[in-house]
Amino acid sequence: MKVVKKQNAHPKTPILCLNTTKDSTMFASGGMDGKVIIWELGSSEYNYILEKFYEYYINPQNIDRDPAENCIQSVCIGSKYILTGTKSGDIYELIRPHENEIKQFTRGNNSLVKLRSICHDQEIVKSIQFNGTSDNLYSITESGLLCVWQFKKQKEYIQNISIYIKISFNEEILAVALDPNEQKNAQIEIYKLDPSTTKIYEQFKVVNTLSTSLEFIDFSTDNFFLLYKDNFEDVEIIDFKNQDFKKITKDQVEFEMEWCTDGIKVSSNIKGVYTYYSDENKILKIQRLGDKQIAVTDEMGSIRIYNYPCDSSGNGYFNLYTDHLNYINQCVMSPDKNYLVTSSQKDRCILIWKVLNNGEQEEDSQMQNQKESVLNNNNIQNN
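So that you can map any letter, position 191 of the sequence shown is 191 in UniProt numbering, and since no number is skipped, the others follow by simple counting.
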């Protein structure tokens with residue numbers, strides 16, 4: 001292979017993507033400088049001609065330096081528009097220039113750059129949960145961004161919460177973990193649903209903790225308990241059956257308990273699962289898939305499906321999925337048992353799986369998970 005032409009396209013910055021079309025000599029390049037440059041490729045009798053004739057600059061903050069989050073990671077030329085994705089996870093729509101109308105090099109103004117979708121690549125998903133009707137999916141990120149996802153629709157931003165927010169399985173109680181300040185330690189605000197509106201949560205009680213910071217909260221699926229964990233990995237549980245919200249130790253209720261986000265922690269019915277894991281690849285989440293199967297996620301990025309109960313022989317294991325990069329830190333089942341949602345802390349990707357029960361097919365014990373859609377906190381892909 002011979003190099004026939006060299007061009008200094010994006011000075012001192014790497015080029016991350018290229019794209020062209022079949023019906024045009026035009027192609028686009030995107031670089032770490034936040035610029036999308038449109039080129040025209042021609043040829044003469046003795047040489048190739050490469051001419052830059054249009055340039056867009058993705059810099060919505062209008063700052064002097066090139067922000068790293070605006071690095072161009074993908075670009076696609078359409079018939080009327082050019083779509084480009086940035087490191088921040090945003091997708092921009094650029095007005096495509098007409099080759100025949102441009103006589104000299106032109107820099108596009110901001111009116112030709114339109115933000116189409118905000119995805120927030122830098123947001124690591126820390127918790128995900130369905131609403132009771134399985135219509136919406138709630139996610140909260142490491143920096144406290146709460147989002148509501150609708151299948152086949154874009155997410156919308158609701159509010160910013162300091163640390164963590166969790167709704168009970170029956171959607172009647174809302175728990176919000178707050179950052180500590182100079183006067184008090186971290187605390188949990190408990191809200192109850194107003195039965196007259198079914199949409200408004202009113203503050204019911206404040207639970208004070210001895211923790212300097214809370215890392216995680218979770219409701220039990222029976223709606224009786226709220227678990228919280230601090231930055232030292234100490235775990236306490238609040239008993240909602242007690243009017244004073246008495247705190248109890250996890251040893252009192254952990255055995256056979258199932259949590260909305262954390263799934264099953266300790267149970268006699270999952271002994272066989274542990275035969276497939278070690279200190280090099282630890283279990284992260286165990287989630288029931290109906291009454292006969294469980295899904296187990298691990299640090300290597302695998303989702304394994306087991307029969308439930310799974311005895312100590314480990315013979316219940318029968319399926320494996322490796323779509324995530326690694327470290328699947330969230331695994332949640334929808335209340336209608338039709339969807340499984342997983343997310344990885346490393347690839348910052350939420351996968352929604354359609355659960356297919358093959359009970360009427362040849363083998364009643366088998367089950368398939370078909371990936372239905374990808375809601376990616378990186379650039380939107382496969383669209």
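Because the hints were derived from the structure by calculation, they are not lab data.
Being a predicted model, the structure only gives us computed values, none of them experimental.
Warning: the hint list may mix true and false statements.
As a list, the in silico DSSO-like pairs of lysine-lysine whose alpha-carbon atoms are at most 27 Å apart [stated by the list, open to error]:
id : residue 1 : residue 2
1  : Lys229    : Lys292
2  : Lys205    : Lys241
3  : Lys282    : Lys292
4  : Lys229    : Lys247
5  : Lys192    : Lys241
Simulated restraints on C-beta separations [as the list claims (entries may be wrong)]:
id : residue 1 : residue 2 : range
6  : Tyr81     : Lys346    : 40 to 48 Å
7  : Asn319    : Lys192    : 38 to 46 Å
8  : Phe245    : Lys354    : 33 to 41 Å
9  : Asn281    : Lys246    : 34 to 42 Å
For every residue, glycine included, the Cβ atom is placed at its ideal position computed from N, Cα and C.
Each hint, compared with the structure:
{"no.": "1", "hint": "Lys229 to Lys292", "in the structure": "violated, 30 Å"}
{"no.": "2", "hint": "Lys205 to Lys241", "in the structure": "holds, 14 Å"}
{"no.": "3", "hint": "Lys282 to Lys292", "in the structure": "holds, 23 Å"}
{"no.": "4", "hint": "Lys229 to Lys247", "in the structure": "holds, 13 Å"}
{"no.": "5", "hint": "Lys192 to Lys241", "in the structure": "holds, 14 Å"}
{"no.": "6", "hint": "Tyr81 to Lys346: 40 to 48 Å", "in the structure": "violated, 32 Å"}
{"no.": "7", "hint": "Asn319 to Lys192: 38 to 46 Å", "in the structure": "holds, 41 Å"}
{"no.": "8", "hint": "Phe245 to Lys354: 33 to 41 Å", "in the structure": "holds, 38 Å"}
{"no.": "9", "hint": "Asn281 to Lys246: 34 to 42 Å", "in the structure": "holds, 38 Å"}
Of the hints listed earlier, those the structure fails to meet are numbers 1 and 6, in rising order.
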